[in-house]
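Turn these sequences into a full structure, and let the hints guide you.
What follows is the residue order along each chain.
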Amino acid sequence: MRSFEFKPSRAFLVGLDYGGDIVSQLKDFLENNKIRCGFINGIGAIKNAEIGYYDQKSKEYIKRRFDERAEILSLTGNVSLHDGEIFPHLHVILGYNNRIYGGHLFGGEVFACEVFVIELEGNPPRREKDPQTGLNLW
Amino acid sequence: MRSFEFKPSRAFLVGLDYGGDIVSQLKDFLENNKIRCGFINGIGAIKNAEIGYYDQKSKEYIKRRFDERAEILSLTGNVSLHDGEIFPHLHVILGYNNRIYGGHLFGGEVFACEVFVIELEGNPPRREKDPQTGLNLW
Amino acid sequence: MRSFEFKPSRAFLVGLDYGGDIVSQLKDFLENNKIRCGFINGIGAIKNAEIGYYDQKSKEYIKRRFDERAEILSLTGNVSLHDGEIFPHLHVILGYNNRIYGGHLFGGEVFACEVFVIELEGNPPRREKDPQTGLNLW
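Residue numbers (this note's numbering), protein chains in the order written: chain Z, 1 to 138; chain Y, 1 to 138; chain S, 1 to 138.
Be aware that a few hints might be false.
[As the list claims (entries may be wrong)] When the alpha-carbon atoms are kept at most 27 Å apart in a straight line, the in silico DSS-like pairs for lysine-lysine are as follows: (1) Lys-7/Y <-> Lys-63/Y; (2) Lys-47/S <-> Lys-34/Z; (3) Lys-47/Y <-> Lys-59/S; (4) Lys-7/Z <-> Lys-7/S; (5) Lys-57/S <-> Lys-34/S; (6) Lys-59/Y <-> Lys-7/Y; (7) Lys-47/S <-> Lys-63/Z.
Hints in this document: simulated from the structure, not taken from any laboratory.
All values derive from a computational prediction rather than experimental measurement.
In structure tokens, the structure reads:
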């Protein structure tokens with residue numbers, strides 16, 4: 001088990017822009033504010049989300065794009081470094097009426113999205129390729 | 001993109017009362033403790049939840065009431081001001097056995113509910129009608 | 001309504017070990033770091049999860065084991081004391097492609113799991129049997 005200790009530092013509420021990509025906007029926000037480590041949680045609504053499922057056997061993400069509108073029921077993840085860059089790792093659960101689905105969030109067009117970010121002060125973990133899972137882990 | 005910076009302030013664990021409405025109780029808690037800005041996350045169990053899906057085209061919430069018992073698998077949202085009042089914006093994911101669904105949380109009868117609230121110190125964002133989406137956003 | 005006030009204290013990012021049980025590892029982490037009260041939120045991937053649904057009428061958990069691999073779309077809960085021991089109460093939402101399900105998390109084999117933990121400084125709530133619901137609540 002690897003654990004990294006921090007002090008909670010700055011906290012933010014972020015309202016993402018209509019029409020822009022959800023992941024790019026979050027990355028821009030983190031970079032502009034130099035948030036290299038943190039916790040992310042949000043809700044909102046999205047269009048045309050691209051989400052992925054990691055095939056634990058083939059060690060590859062299977063990506064699917066959902067050409068539809070949905071509520072963001074849960075957006076959760078963390079911020080750390082990968083290849084020296086600020087990297088948000090995000091999972092999402094989307095739904096509308098009787099339909100609900102989720103996965104690793106690759107992108108999607110924001111309808112409205114309200115995100116809570118808390119910065120963690122300390123040495124940010126660095127992701128490296130883990131041979132056992134094929135994932136970039138700390 | 002609009003972002004608001006805060007310092008994490010008081011944190012709370014709240015056990016909601018059996019039988020009372022989930023949203024009213026949370027609002028009472030926030031008002032009694034003068035929490036005008038914050039992050040909310042919880043788990044529990046509920047009866048007769050009323051949840052909504054925002055129709056991004058007609059710009060109206062479609063509300064549905066589920067006359068059944070379910071686990072609260074995820075309750076997440078934020079606190080800000082709307083019309084000068086403390087306003088919690090909450091999405092929820094409910095489930096029982098093979099059934100799972102979620103949306104914007106309008107209400108429901110608490111069976112048991114444990115909620116984490118962290119107060120954000122600073123100027124609370126104020127919701128205003130956004131013409132593009134029809135939502136009250138900051 | 002019962003509420004308990006705290007100050008946010010230490011924060012952690014934890015990478016759980018491949019192959020080990022998700023709940024045991026989290027409990028070990030909390031005990032080793034003497035975290036008696038806190039908030040937990042995570043994402044990852046799992047195998048053979050055991051989850052439960054609380055039957056609000058018979059007041060018993062119905063447990064189900066899912067012999068399959070899935071993404072951890074949302075892991076959320078809190079830490080408090082039960083019978084003098086550190087006790088994490090966790091709900092989880094799992095999914096893969098079109099399948100999604102969730103409940104009270106009893107266990108499961110970690111493929112990869114990244115967990116955010118924030119310690120809450122103050123008097124940790126103590127769970128006691130609640131006759132009305134049959135649950136151990138504070």
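Here's how the hints hold up against the structure:
1. Lys-7/Y <-> Lys-63/Y: With a Cα-Cα distance of about 35 Å, the restraint between Lys-7/Y and Lys-63/Y is violated, given a limit of 27 Å.
2. Lys-47/S <-> Lys-34/Z: The given pair, whose Cα atoms are some 35 Å apart, is violated under the 27 Å limit.
3. Lys-47/Y <-> Lys-59/S: holds (14 Å)
4. Lys-7/Z <-> Lys-7/S: holds (12 Å)
5. Lys-57/S <-> Lys-34/S: violated (36 Å)
6. Lys-59/Y <-> Lys-7/Y: The given pair, whose Cα atoms are some 34 Å apart, is violated under the 27 Å limit.
7. Lys-47/S <-> Lys-63/Z: This hinted pair holds, its Cα atoms lying about 20 Å apart.
The earlier numbered hints that this structure contradicts are 1, 2, 5, 6.
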